[in-house]
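Peer 1: Protein chains in written order, with UniProt numbering: chain H, 1 to 149; chain P, 1 to 152.
Since the hints were derived computationally from the structure, they do not count as laboratory data.
Where hints are given, some of them may not hold.
Pairs of lysine to aspartate or glutamate, DMTMM-like flavour, derived with a Cα cap of 20 Å [as the list claims (entries may be wrong)]:
#	chain 1	residue 1	chain 2	residue 2
1	H	K17	P	D103
2	P	K96	H	D25
3	H	K44	P	D110
4	H	K27	P	D110
Cβ-to-Cβ under 10 Å is the rule here; a few derived chain H residues that face chain P [claimed, not checked]:
#	residue
5	F21
6	V22
7	R23
8	K60
No residue lacks a Cβ here, since even glycine has one placed at the ideal position from N, Cα and C.
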Amino acid sequence: MKVEIDAFSGFRVYPSKGKLFVRGDSKVFRFASSKNSSLFLQRKNPRKIAWTQVYRRMHKKGITEEVAKKRSRRTVKHQRGIVGADLATIAARRNQTAAVRNQQRISAIAKAKTEKKEKESKKAKPARAPVASGPRVSKQQMKGGKGGR
Amino acid sequence: MIGLKSTLNVGEVLYPFYVLTQLTKFMQVIDNSGALLIECVNVLKQKVNNGWGSVGDEIVCVVKRARPVSAATQASTTAVKVRRGDVRRAVIVRTKKSVRRPDGRFIRFDDNAAVLLNNKREMLGTRIGGVVSADLRMKGWGKIVSLAPKVV
């Protein structure tokens with residue numbers, strides 16, 4: 001059982017109710033009652049007839065409930081875990097006391113300083129590799145630019 | 001509700017004769033047999049012969065207006081070309097009077113239309129252009145329904 005929609009008023013047409021009209025251009029119109037079909041055949045514009053769904057939608061009658069629902073949805077925010085840090089780690093970090101954080105900072109600084117000293121000794125050798133690739137890229141770009149133009 | 005063929009309640013549509021005057025009803029032809037407008041002369045029904053026909057009824061008709069038949073098309077035997085003044089049979093496929101479906105719905109078209117047949121209940125044309133009522137299938141005109149581009 002399929003409940004159709006009236007072509008004029010937007011009402012629901014249940015089976016065995018109303019009429020079906022096929023116009024000369026093969027367009028099908030369903031009417032829920034003789035009131036709808038009569039007005040349609042009189043070529044009335046449903047947008048001007050106050051009790052039709054078309055009119056109500058146009059003049060925004062009775063839609064305030066739907067609009068309110070949409071607004072409430074937007075304000076609610078959910079805390080979600082990210083790929084790198086799930087909810088537990090986020091909560092743990094948020095709940096850390098200032099003292100704990102300070103200690104972490106100090107230890108991290110100390111670590112970084114020791115690591116830096118080690119790196120400076122090793123930096124002399126691998127430094128050439130990244131520097132050499134730099135000018136290569138720029139030369140290619142220059143060649144490509146000329147070829148393009 | 002439905003019971004037997006209740007031709008009284010189901011759309012009595014085309015009247016070949018009005019009660020007093022001998023007016024006859026015109027219909028469009030929607031196949032490619034060459035006829036354009038036909039006039040209903042008699043409605044062939046076994047039991048009731050009151051002159052009213054509905055969708056799926058066979059009628060005898062006179063071709064009032066037909067497409068001009070040129071010599072070239074006469075040579076080709078693709079379709080039997082019908083001329084003005086021919087008396088042929090036809091089956092009603094669309095009616096302006098609403099027809100009741102078994103589910104209780106009423107269907108009404110914007111005009112009256114028919115498809116030409118020969119005496120053996122076979123179609124004369126090869127194609128149908130336009131909407132056709134689905135009541136035809138119930139009355140046994142499955143071939144017409146299958147040829148129609150749209151069935152309502």
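Peer 1: Going straight from one Cα to the other, do K96/P and D25/H come out at no more than 20 Å?
Peer 2: Since the Cα atoms of K96/P and D25/H sit roughly 14 Å apart, the hinted pair holds (cutoff 20 Å).
Peer 1: Taking 20 Å as the top limit, are the C-alpha atoms of K27/H and D110/P close enough?
Peer 2: Between K27/H and D110/P the Cα gap is close to 10 Å, so the pair holds against 20 Å.
Peer 1: Is the interface hint for F21/H satisfied, with its Cβ closer than 10 Å to some Cβ of chain P?
Peer 2: Holds: closest Cβ of chain P sits about 5 Å from F21/H, inside 10 Å.
Peer 1: Holds or violated: K44/H and D110/P, Cα atoms, limit 20 Å.
Peer 2: 18 Å, holds
Peer 1: Is it true that the CA of K17/H sits at most 20 Å from the CA of D103/P?
Peer 2: 9 Å, holds
Peer 1: Quick check on R23/H please, does its C-beta sit within 10 Å of some C-beta on chain P?
Peer 2: 5 Å, holds
Peer 1: Are K60/H and chain P close enough, Cβ to Cβ, to be under 10 Å, as the hint says?
Peer 2: K60/H check fails; min Cβ-Cβ to chain P is 34 Å, beyond 10 Å.
Peer 1: Taking the closest Cβ pair, is V22/H under 10 Å from chain P?
Peer 2: 5 Å, holds
Figure legend: structure checked against the earlier numbered hints; the only hint not met is number 8.
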